[in-house]
Amino acid sequence: MIHLSAAQMVAKLANGETTSVALTQAHLERINTVDADVHAFLFVDNEGALKQAAEVDAKRAAGEKLAPLAGVPLALKDVMTQKGIPTTAGSKILEGWRPPYDSTVVAKLKANNIVILGKTNMDEFAMGSSTENSAYGPTHNPWDLTRIPGGSGGGSSAALAAFEAPLAIGTDTGGSIRQPAAVTGTVGVKPTYGAVSRYGLIAFSSSLDQAGPCARTVLDAALLHEAIAGHDPKDSTSINAPVPQVVAAAKSGDVKGMKIGVVKELNGDGYQSGVRTRFEESLELLAAAGAEIVEVSAPNFEYALAAYYLIAPSECSSNLARFDAMRYGLRIGDVDGASAESVMNLTREIGFGREVKRRIILGTYALSSGYYDAYYGSAQKVRTLITQDFNRAFEKCDVMVSPTCPTTAFKIGEKSNDPIAMYLNDIATIPVNMAGIGGMSLPAGLAPEDGLPVGFQIMAPAMQDQRMYLVGAALEAALLTKWGAPLLSQAPALAGK
Amino acid sequence: MALSYYDVIAKYEPVLGLEVHVELNTKSKMFCGCSTIFGGEPNTQTCPVCLALPGALPTVNEKAIESTIKIGLALNCSIAPFSRFARKNYFYPDMPKNFQISQYDEPICVNGYVDVEIETDEGPKSFRIEIERVHMEEDTGKSLHVGGATGRIHGAEYSLLDYNRAGIPLVEIVTKIVPGTGKYAPEVAKAYVAELRDVLRSLGVSDVKMEQGSLRCDANVSLRLIGAQTLGTRSETKNVNSLRSVERAIRGEMIRHAELLNKGERVVQETRHFQEDTGLTRSGRSKEQAEDYRYFPEPDLVPVAPDATWIETLRAGLPERPSIHRKRLQEAWGVPDKEMAAMINADVLNIVEATVNLGADPTKARSWWLGEISRIANDKDVAITDLTIRPSDVAEIVALVNAGELTDKLARQVIEGVIAGEGGPAVIIAARGIKVVNDDGALMAAIEKVCAEQPETAEKIRNGHLPAAGALIGAVMKETKGQADAARVRTLLLTHLGQGE
Numbered sequence: 001m002i003h004l005s006a007a008q009m010v011a012k013l014a015n016g017e018t019t020s021v022a023l024t025q026a027h028l029e030r031i032n033t034v035d036a037d038v039h040a041f042l043f044v045d046n047e048g049a050l051k052q053a054a055e056v057d058a059k060r061a062a063g064e065k066l067a068p069l070a071g072v073p074l075a076l077k078d079v080m081t082q083k084g085i086p087t088t089a090g091s092k093i094l095e096g097w098r099p100p101y102d103s104t105v106v107a108k109l110k111a112n113n114i115v116i117l118g119k120t121n122m123d124e125f126a127m128g129s130s131t132e133n134s135a136y137g138p139t140h141n142p143w144d145l146t147r148i149p150g151g152s153g154g155g156s157s158a159a160l161a162a163f164e165a166p167l168a169i170g171t172d173t174g175g176s177i178r179q180p181a182a183v184t185g186t187v188g189v190k191p192t193y194g195a196v197s198r199y200g201l202i203a204f205s206s207s208l209d210q211a212g213p214c215a216r217t218v219l220d221a222a223l224l225h226e227a228i229a230g231h232d233p234k235d236s237t238s239i240n241a242p243v244p245q246v247v248a249a250a251k252s253g254d255v256k257g258m259k260i261g262v263v264k265e266l267n268g269d270g271y272q273s274g275v276r277t278r279f280e281e282s283l284e285l286l287a288a289a290g291a292e293i294v295e296v297s298a299p300n301f302e303y304a305l306a307a308y309y310l311i312a313p314s315e316c317s318s319n320l321a322r323f324d325a326m327r328y329g330l331r332i333g334d335v336d337g338a339s340a341e342s343v344m345n346l347t348r349e350i351g352f353g354r355e356v357k358r359r360i361i362l363g364t365y366a367l368s369s370g371y372y373d374a375y376y377g378s379a380q381k382v383r384t385l386i387t388q389d390f391n392r393a394f395e396k397c398d399v400m401v402s403p404t405c406p407t408t409a410f411k412i413g414e415k416s417n418d419p420i421a422m423y424l425n426d427i428a429t430i431p432v433n434m435a436g437i438g439g440m441s442l443p444a445g446l447a448p449e450d451g452l453p454v455g456f457q458i459m460a461p462a463m464q465d466q467r468m469y470l471v472g473a474a475l476e477a478a479l480l481t482k483w484g485a486p487l488l489s490q491a492p493a494l495a496g497k
Numbered sequence: 001m002a003l004s005y006y007d008v009i010a011k012y013e014p015v016l017g018l019e020v021h022v023e024l025n026t027k028s029k030m031f032c033g034c035s036t037i038f039g040g041e042p043n044t045q046t047c048p049v050c051l052a053l054p055g056a057l058p059t060v061n062e063k064a065i066e067s068t069i070k071i072g073l074a075l076n077c078s079i080a081p082f083s084r085f086a087r088k089n090y091f092y093p094d095m096p097k098n099f100q101i102s103q104y105d106e107p108i109c110v111n112g113y114v115d116v117e118i119e120t121d122e123g124p125k126s127f128r129i130e131i132e133r134v135h136m137e138e139d140t141g142k143s144l145h146v147g148g149a150t151g152r153i154h155g156a157e158y159s160l161l162d163y164n165r166a167g168i169p170l171v172e173i174v175t176k177i178v179p180g181t182g183k184y185a186p187e188v189a190k191a192y193v194a195e196l197r198d199v200l201r202s203l204g205v206s207d208v209k210m211e212q213g214s215l216r217c218d219a220n221v222s223l224r225l226i227g228a229q230t231l232g233t234r235s236e237t238k239n240v241n242s243l244r245s246v247e248r249a250i251r252g253e254m255i256r257h258a259e260l261l262n263k264g265e266r267v268v269q270e271t272r273h274f275q276e277d278t279g280l281t282r283s284g285r286s287k288e289q290a291e292d293y294r295y296f297p298e299p300d301l302v303p304v305a306p307d308a309t310w311i312e313t314l315r316a317g318l319p320e321r322p323s324i325h326r327k328r329l330q331e332a333w334g335v336p337d338k339e340m341a342a343m344i345n346a347d348v349l350n351i352v353e354a355t356v357n358l359g360a361d362p363t364k365a366r367s368w369w370l371g372e373i374s375r376i377a378n379d380k381d382v383a384i385t386d387l388t389i390r391p392s393d394v395a396e397i398v399a400l401v402n403a404g405e406l407t408d409k410l411a412r413q414v415i416e417g418v419i420a421g422e423g424g425p426a427v428i429i430a431a432r433g434i435k436v437v438n439d440d441g442a443l444m445a446a447i448e449k450v451c452a453e454q455p456e457t458a459e460k461i462r463n464g465h466l467p468a469a470g471a472l473i474g475a476v477m478k479e480t481k482g483q484a485d486a487a488r489v490r491t492l493l494l495t496h497l498g499q500g501e
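Those protein sequence lines, which keep their order, are chains A and B.
Quick note, in our numbering, the first sequence goes up one by one and the last residue is 497.
Quick note, in our numbering, the second sequence goes up one by one and the last residue is 501.
Misleading hints may appear alongside valid ones.
[Stated by the list, open to error] Examples of chain A residues toward chain B, derived with CB under 7 Å: (1) 81; (2) 84; (3) 199; (4) 207; (5) 231; (6) 284; (7) 321; (8) 322.
Simulated from the structure, these hints should not be mistaken for laboratory data.
Here the structure is a predicted model, which means the values were calculated and not measured.
Note that beta-carbon positions come from the ideal geometry of N, C-alpha and C, so glycine has one too.
Construct the entire structure; sequences and hints are all you get.
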């Protein structure tokens with residue numbers, strides 16, 4: 001039962017073949033069996049999940065009209081606040097903190113009667129591409145436990161790939177939904193900036209952060225997308241417009257006559273050969289499905305990474321200032337005679353990990369008087385140029401595509417001491433965040449040389465998220481026909497305990 | 001040997017710069033829905049947003065934007081079609097986010113002015129104070145330092161934090177540099193703050209209570225030799241909590257600067273704190289090393305882009321300028337300057353005006369509010385506006401006196417009753433059985449009784465010693481429980497004793 005898609009589970013719940021309690025129980029057992037190896041979860045809410053499942057079963061029994069995903073279990077990235085449930089954002093500085101309020105995403109999940117199994121592991125404050133920066137130890141890729149599951153949302157994607165949950169919530173600042181999806185053979189969508197409320201999302205970089213759905217199929221992602229999207233008066237940057245019809249798009253998958261723009265700059269040198277093979281093959285399948293493949297150019301993408309590593313650290317240096325031991329979280333050095341300043345310093349020294357400190361320092365420097373124009377100011381200009389690149393390219397095509405990542409999953413520890421190599425992982429995903437548009441990653445197959453999953457990225461103009469689902473559904477269907485079974489059926493079985 | 005103020009102004013020209021912080025009187029905070037009521041139990045008016053819990057986001061209070069635009073318009077500013085919030089980053093325990101949401105290079109109102117008039121040796125003279133900007137920001141929480149002698153953080157045993165004030169909307173009004181006020185600098189500064197206070201009050205956007213901190217003034221002062229072009233080094237004095245303190249602080253700083261300069265020493269650019277008791281300032285933190293607040297646009301908020309028609313609607317709805325309004329009232333009422341000043345000082349001008357608008361005679365309305373009612377407010381040690389009596393009550397009482405249905409003395413009883421919460425004038429008159437005795441027969445009976453009791457006094461009056469009448473009139477009033485019209489009693493008494501006209 002745990003190998004079904006969420007949509008299939010919904011059908012079985014509707015026709016009475018199973019109950020939410022049974023589904024939830026099955027996933028909790030799976031977590032109990034395999035998570036010691038995978039380490040996708042930081043907290044499993046056994047009791048709360050079963051209680052929520054029982055409630056939705058009772059509602060169903062009483063004949064209440066339920067939301068489409070009611071009763072289906074989900075894994076929540078630990079960056080989202082959930083009332084009363086430990087929420088750490090992967091950081092020691094928030095160890096033991098239980099939020100007194102629900103994030104808007106969690107409130108919507110609850111209103112949809114989606115069962116929250118627990119909180120998933122992540123790079124500390126979503127800073128990283130491997131989940132190795134979690135203060136609570138790395139997550140392991142279910143395809144190969146010695147490899148990274150991507151990051152920052154490695155926990156959510158690994159949970160999907162390990163069949164610990166059929167649905168998950170991720171957040172994506174520079175690729176943290178799409179890159180983990182790519183390296184775990186799952187689907188991840190970063191909607192248009194502002195499509196999903198950020199209220200209760202522990203901020204890394206406010207102007208780039210965006211929550212989105214993670215799943216094993218395009219349709220499942222669409223169902224979850226519609227459940228969590230929509231205007232929120234508590235988030236000034238949330239879009240006040242109807243949610244695009246992404247479920248309808250995912251069910252249609254009709255790409256006849258659509259123009260698909262291949263980004264010249266996001267291919268070729270620096271991309272692993274197997275990644276390129278799978279990407280080319282996907283383009284052929286889309287062409288066969290009736291889409292027109294065109295080449296587009298985005299000359300300013302080459303500056304995206306550098307600009308991103310000024311904007312995101314600048315915002316994080318300010319966003320993370322609130323972790324000062326005064327009101328919540330870790331407090332170190334609070335002894336007689338200690339000043340507030342020394343407690344703040346010690347707590348931040350001990351509470352933050354190396355990568356977080358690196359970025360706080362970088363951002364503090366970039367915002368300093370005398371450097372602001374050269375760094376933060378220039379980076380904002382690059383951001384405008386990238387948006388213009390997208391706008392020009394979208395005049396020639398309906399969606400743009402690229403490999404999600406240059407490589408398949410690397411080994412745990414392989415790039416830990418080389419931040420630049422680590423940052424380069426996100427070279428194809430970052431432009432989407434810089435422009436605030438939508439991006440999806442879905443599995444394109446396995447790289448022949450290492451047998452690991454490759455991701456195919458689809459980018460759509462702002463507020464046109466449904467286009468990603470149209471193209472994603474078309475490609476997914478074509479690949480499924482080719483493979484005969486979902487890609488994840490080729491993943492090694494996890495021995496567990 | 002301390003310099004005299006005369007010595008200072010004979011040699012130096014003061015240059016002012018004034019920053020006024022105003023707490024807006026919105027019901028909720030700047031970026032969340034928490035209450036702004038003053039004096040709540042610590043940390044009861046807080047939420048995830050104003051406590052800066054992880055994940056919480058600010059949203060802008062529309063009413064605060066409206067109030068700020070009104071202030072900008074009243075101060076003759078241009079309203080920016082597009083302005084942004086910015087983060088001012090610095091660590092302090094009473095600031096929950098460790099940054100303050102403020103406005104930096106894109107404030108909402110710019111380039112205004114205020115004209116103030118003061119009395120000079122050459123008669124009344126007007127000075128124009130140019131406004132550089134008016135911007136919005138949020139207040140911090142409050143730290144209470146416990147233990148230690150000074151109540152300051154140094155030497156304290158521990159500190160308590162109250163975040164009720166964190167996030168209360170503040171408007172900062174910043175002047176351009178103000179040269180050319182010469183020896184009148186302290187008076188001009190005081191008049192400017194007073195004018196701001198009156199304008200803000202007339203707009204109804206703030207309580208403008210300096211003593212409660214809802215209006216705070218930071219005074220920047222520098223000196224330069226008369227005729228010099230370059231500006232001297234300034235000091236910034238905070239904690240100036242009354243109009244009188246504004247004047248004293250600036251005068252004191254001018255003298256302090258001049259003493260340093262005369263000795264060939266340097267004025268340190270720093271923040272100083274005004275001491276109410278001594279009238280002097282003491283050094284706070286030095287600003288010699290410019291603090292780096294790492295301002296950048298607040299990414300959690302969208303830019304403020306007020307609609308042009310909305311701005312024009314607000315402009316059309318602005319009240320008359322207080323100074324013009326006062327002049328108009330003074331002329332209409334024919335009030336002497338001194339009386340006008342008394343009403344302004346006692347803060348009763350608006351109430352008197354409301355009473356007059358309800359039909360009361362200006363002189364009588366003024367005398368009730370400034371006299372009896374002010375006295376009661378003083379006795380109770382409350383603001384006159386906090387008493388339960390309303391302009392409509394006073395207008396009703398004045399009308400009853402005019403109609404002869406109340407005497408002044410009875411009117412006082414009615415006022416007491418209204419303030420005691422017994423109800424409106426009509427209710428009190430009925431309940432207490434207050435009525436003027438205007439039945440001459442009853443009055444004559446009382447007069448005869450009193451004359452019989454005090455025959456010697458009566459005799460004096462018969463003999464033409466009229467001042468003695470007071471004693472008998474008093475006795476009659478007592479006899480009639482104060483409900484008689486004293487003038488009528490006097491006429492009847494004198495006629496009775498053969499002294500009528």
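Against the structure, the hints come out as follows:
no., hint, verdict
1, 81, "5 Å, holds"
2, 84, "14 Å, violated"
3, 199, "5 Å, holds"
4, 207, "4 Å, holds"
5, 231, "12 Å, violated"
6, 284, "41 Å, violated"
7, 321, "4 Å, holds"
8, 322, "4 Å, holds"
Hint check: violations occur at hints 2, 5 and 6; the rest are consistent with the structure.
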